[in-house]
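For reference, the chains in residue letters:
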Amino acid sequence: MATVELTFSALPAHVRTARLVATAIARRTGVEESLLDEVRLAVGEACSRAVEAHRAHCPGEPIRIELRDDSGRFEVTVSDQAPSDEIKQERPLDLGMLSDSFMSNFGLAVIEGLADDVEVFPSPKGTNIRMSWPAAVGV
Amino acid sequence: MDLKLDHRTEDRLTIVEVEGEIDVYTAPRLRELLIDLVNKGNFHLLVNMEKVDFLDSTGLGVLVGGLKRVRAHDGSLELVCTQERILKIFRITGLTKVFGIYASVDEAKEAHGKDK
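From first to last, the protein sequence lines stand for chains D and G. Going letter by letter, the first sequence gives residues 35 to 173 in the numbering used here. Going letter by letter, the second sequence gives residues 600 to 715 in the numbering used here.
Any given hint could turn out to be false.
[Stated by the list, open to error] As a list, the in silico EDC-like pairs of lysine to aspartate or glutamate whose alpha-carbon atoms are at most 16 angstroms apart: (1) 687/G - 71/D; (2) 708/G - 610/G; (3) 650/G - 601/G; (4) 687/G - 146/D.
Hints in this document: simulated from the structure, not taken from any laboratory. Computed from a predicted structure; not experimentally measured.
Just need the whole structure built from these sequences, with the hints factored in.
Below, the structure written as structure tokens:
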């Protein structure tokens, strides 16, 4: 059972709120203090990516976050409803190819670099990004 | 915390002071400032990130965009940053190889002076 579920409209201003909620639940769930920055950033990246996708495809639909405390792990799932472009593989860094407006590949790279365990499930009906970190104490 | 931006020019180097959170909500303001500075002929930028609490990939994208713009004018965009949690994001994305990153404004100014 999810500890907390949160939905928010696809506005950049709400991403900060989602980060703060996720960090607060992670702390309460017993995630180590040293990992909280990583939780905050990874959840923020996933939410930013979802907001960009919704603004492009379905701005009226909400984005959903589930925060769970399961078997000693703190698990976060960010779900969007935008049809997924194929998740692109990382390529060698080429400054000329980088866009300053939509850095989705960077976002996923950051999430993969920060979360202890990451799974990305793209589909025509949306993308789910599930991330987890060890939690010392269940609540 | 919201984003606070300020800038000043010393010799030929424009120092951009950034304080707060750079994310998908606030990054457009930093992008606008960098574009405005370049449009006004400031091609050597130093972004001081010592008071940045949070940086995400949107912020990285804005910095990369700024770098592309100044390089089009044979300029430079370098950073001051010693915070491990911010530096980690640059390392994960490989951008430590793209940006000059200094420990202080003075150190960056000294290096910039040698390059002139």
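Consistency of the hints with the structure:
{"no.": "1", "hint": "687/G - 71/D", "result": "holds (11 angstroms)"}
{"no.": "2", "hint": "708/G - 610/G", "result": "holds (10 angstroms)"}
{"no.": "3", "hint": "650/G - 601/G", "result": "holds (12 angstroms)"}
{"no.": "4", "hint": "687/G - 146/D", "result": "holds (13 angstroms)"}
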